[in-house]
Structures are given as C-alpha cells and as structure tokens.
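*Asks:* Chain by chain, the residues:
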Amino acid sequence: MRKYDNADEQKVRSERLIREWLRSGLIDQTQHDRMLPDVQTEFRRTNLFLRLVLFGFGLLIIGASTVLVADSFSLRREAAGAMLCLGAAIASFALAEYLITHFRLYRFGVEEAAVCSSAVLAVIAAGFCRSVLQMSTPTEFVFAVVGAAAALAAYLRFGYLYAAFAWLICAASAPFQIWGPEVIQRAAAAVIMFGIFVVYGKRSLSSKGFLAEEFAVLRAAAFAGLYAVLNLHLPSMFYFSGLFGVSGASSQPFAFYVFTYFAIWLLPFLGVRTALRARQRPLLDVSLLLALVTLITNKPYFGAERQAWDPILLGIVLIVTAVAVRRWLSNGRDGSRYEFTAARLLNADSRRLAMVGTMSVAMHGGAGAPAESPPKFEPGGGRSGGAGSSGSW
Amino acid sequence: VAYGTAYGYIGVSAKIVPRLDELTLILIYLVATGGAMIVFIAGLARRFGREE
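Protein sequences appear in the order of chains A and B. Going by the numbering used here, the letters in the first sequence line up with residues 5 to 397, in that order. Going by the numbering used here, the letters in the second sequence line up with residues 339 to 390, in that order.
Careful, some of the hints might be misleading.
Restraint ranges, calculated between C-beta atoms of paired labels, are given here [as the list claims (entries may be wrong)]:
(1) R108/A with Y341/B: 58 to 68 Å
(2) N302/A with D359/B: 51 to 61 Å
(3) Y341/B with V360/A: 20 to 30 Å
(4) L322/A with R357/B: 47 to 57 Å
(5) G361/A with L361/B: 25 to 35 Å
(6) S211/A with R357/B: 48 to 58 Å
(7) R357/B with T143/A: 32 to 42 Å
These are calculated hints, taken from the structure and not from any lab test. Glycine is no exception: its CB is placed at the ideal position from the N, C-alpha and C atoms.
All chains, full assembly: derive it from the sequences and hints.
*Replies:* Structure (structure tokens):
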C-alpha cells in the first residue's frame, strides 16, 4: 500500500536519531560514524527551507498549468471544469508516483506539492460534480467528505502526517456541515474522533519502530480532535470561530452543556493516565496542553468575565506545578521515578521549547508595542532630500 | 539560499508579470519559470541542501 518501503522509512528515522544522539552528546563521533553507514538510503532529501520553496514552486506550476489548460480550451462550463480538475488530480497523483519512483524523492517538496494538489483538485472536482448533478447535499459537506477521503489516501500511500491531520480535520468538520441540531453534530464528530483514537491506539501498541511512533501521533491528534468538538467554548477563543460551521456554546441544551463541562476536565486526566501507561509522549504532550486549555476555558463555562490577572494566576499555577513535578522526579532514585526523568536528554527538546517560547512571544507581540506616536510635522514643500522640487506650486 | 531564490523570483516576477497583458502569457511565464526554478533549486539542494 505504501509507496516507501517500511525498512527504508525506518532507516531515515534511525539516521535522524543517530544525528540527534550525537548533538546531544549521548554518543561520540566514532560511534556516530560507525552507525551511520547502516542506515543509509538512496532517497534524495533536503532541508526544511528548500523543501518549502520547492513545495511552493510545485504548487505554482500545477495550479498555473491547470488554469492554462482551462484558458487555452476555453473551458467555462461546470462539467468541463469537473473533468479538468479530475484529470489534473489524477495527473498530479501520477506525477508524484513518477517523481518518487524515478528520482527517489523523499520529503523533497516537489512530490509533496503534486500529492497535495491532487487532493485539492479532487475536492474542487467534487464541488463541480455536485453542481452538475444538482445534488441537494451542502457543498461544504461534499468538500469535507471528499477532502477527508483524498487526505486519507495521501496519508496511506505516502505517509505524510500532515495529510493525516487534514483527514482528521475534514472528518471532524463533516458532521457540522449537514442540517441538524448541534448536539447531534458534535456527538457525531466525537464518535468519529473516538473511533480513530481507539483504532490508532490499538495499532500504535501492536506496531513497532517508526509506525508505532506515527500511530501514536495520530492517536494523540484524534484525542485532541475529540476534546475540540466537546469543548463548547474552544471556538470562541480563536478568530476562526464559525469557520467549520461551529456556532459555539450558545443555545445548547443544559444537560449537554454540563456533560461537555465534565468531559473537558475528564479527558485530559484520562489522556495523561493512558499516555503514562503506554509510554506515549505525543499523547502526554497533547493531554497536558488540553489540561491547560481546560483551565483557560473554565471561566467562560460559568459565564464569568475574564480579568486582567487571569493569565498571571495561570502562570503562577503552571510554574508551581512544573517546579513541584520536577522536584518530585529529581528526588527519585537516579533522578527518575517510574522510568520518567526531568533531565533533558535530547537537544531537540530544548529546540522545541525555544520554538514554543518564540511562538508565545509572537502571539503576544502586540502587548509590548509602543503607543502610537503623535502625528509628525509634514512639510508641504516636497519630499525630503528633493529640495522641494517635487512639491506642487 | 531558500530565501534568496524565493524573494529573487518574486521580485523579478513582480516586475515582469504586470507587463504581460494576457492571462495565457502570464500562465506560460509561471509554468516555464517555475519549472526552471525547481530544476535550479534541486541542483542547489544536491550541493548543500542536505537534511540536518
């Protein structure tokens, strides 16, 4: 089913780990040099920045080519548009297969652009087909269902995790695009997310190597999706409120409202417990993040007004909790308890923390901005340096 | 390198595209130069764009 051989993918992951161990001082250069030849592959890879640029140019070419064909043959009707998009989707998919087979590209950007274009074009084609066939199904629902199917196909064939995330988002948003009470919509989305959580939970425990890690990430993502559809005040926290057809906490039945309140407290607790038992870092990280979101959305659940000191209190609670957990772990035998340690083992963790810190500063960048300065004197006699020659007389 | 190529391409295209008065010409320009850029960047990636 997968385009890449599992053994090769495992080698790619192992190579990354070996490099990370060297950077973190867990192995020395001699050990690194001895291990590295065993995990070499024929894949052509590149770094993240060039990958992004290649991805952008790939999208540009495929998009421009599709519009060029439509323009050259004056395709104006919806049926012609559907056929064109479907043909372009199949061609893009075939292009990705060709690039990977003949050039051995692996996360190189170009082949990823072809796969993503294929999925997007399939969604657009489905939208055109809906119009041609005059179906009564809402367009957004068709987009969500076809988008979920296309993203899942891309993940299963090429193993792109972001395609799997797109699949989860489309699958969770599909129930919100059809008519019916929001309680039913949320319940349907929750059932879908819970199903995916259970399936990938089992697969992550029964698999080994990189597949186990990948399934653990998907399990954590499905868990986050489950929480997201049950937290009624989550959409109101962000600017994209209503983007997926979610209306928020208003006009919800009281019993459902209370149920979701208990659910958002229970889910992070269950997530942490499950993650500790299964030794799954992604689920642990997500559950702790969800616990934080629960703390943030607790007040809106009671209709209480947010105060300026709320973030300060939250910060103090987090600091105290972090210090307490760290001390508790450090005071265990060899600085660990139940095989968990507070010591930082890999450099990647500190890089990740630095990235989160940068993001948090970027998110609150407006807070420290200087006050708007009073309007400056604007001479009417021309631009600076022009000796007034550009002024109007 | 990535920033240089991307911004360079955007800068040159911002000057050239407004001078092309037909949509077909613009699309042909995008496809042709986009393809050339991919070949160029793939060559750069082979030299010093190894994964870290």
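*Asks:* Work down the list of hints and note, for each, if the structure agrees.
*Replies:* How the hints compare with the structure:
1. Our hint of 58 to 68 Å for R108/A and Y341/B is violated, since their Cβ atoms are close to 27 Å apart.
2. With their beta carbons about 59 Å apart, N302/A and D359/B fall inside the hinted range of 51 to 61 Å.
3. The hinted window of 20 to 30 Å between Y341/B and V360/A holds, with their beta carbons roughly 23 Å apart.
4. Between L322/A and R357/B, the C-beta spacing of about 56 Å keeps the proposed range 47 to 57 Å intact.
5. Taking the beta carbon of each, G361/A and L361/B are about 46 Å apart, not inside 25 to 35 Å as hinted.
6. Taking the beta carbon of each, S211/A and R357/B are about 56 Å apart, inside 48 to 58 Å as hinted.
7. At about 38 Å, the beta-carbon gap between R357/B and T143/A stays in the expected band of 32 to 42 Å.
Comparing the model with each numbered hint stated earlier shows that hints 1 and 5 do not hold.
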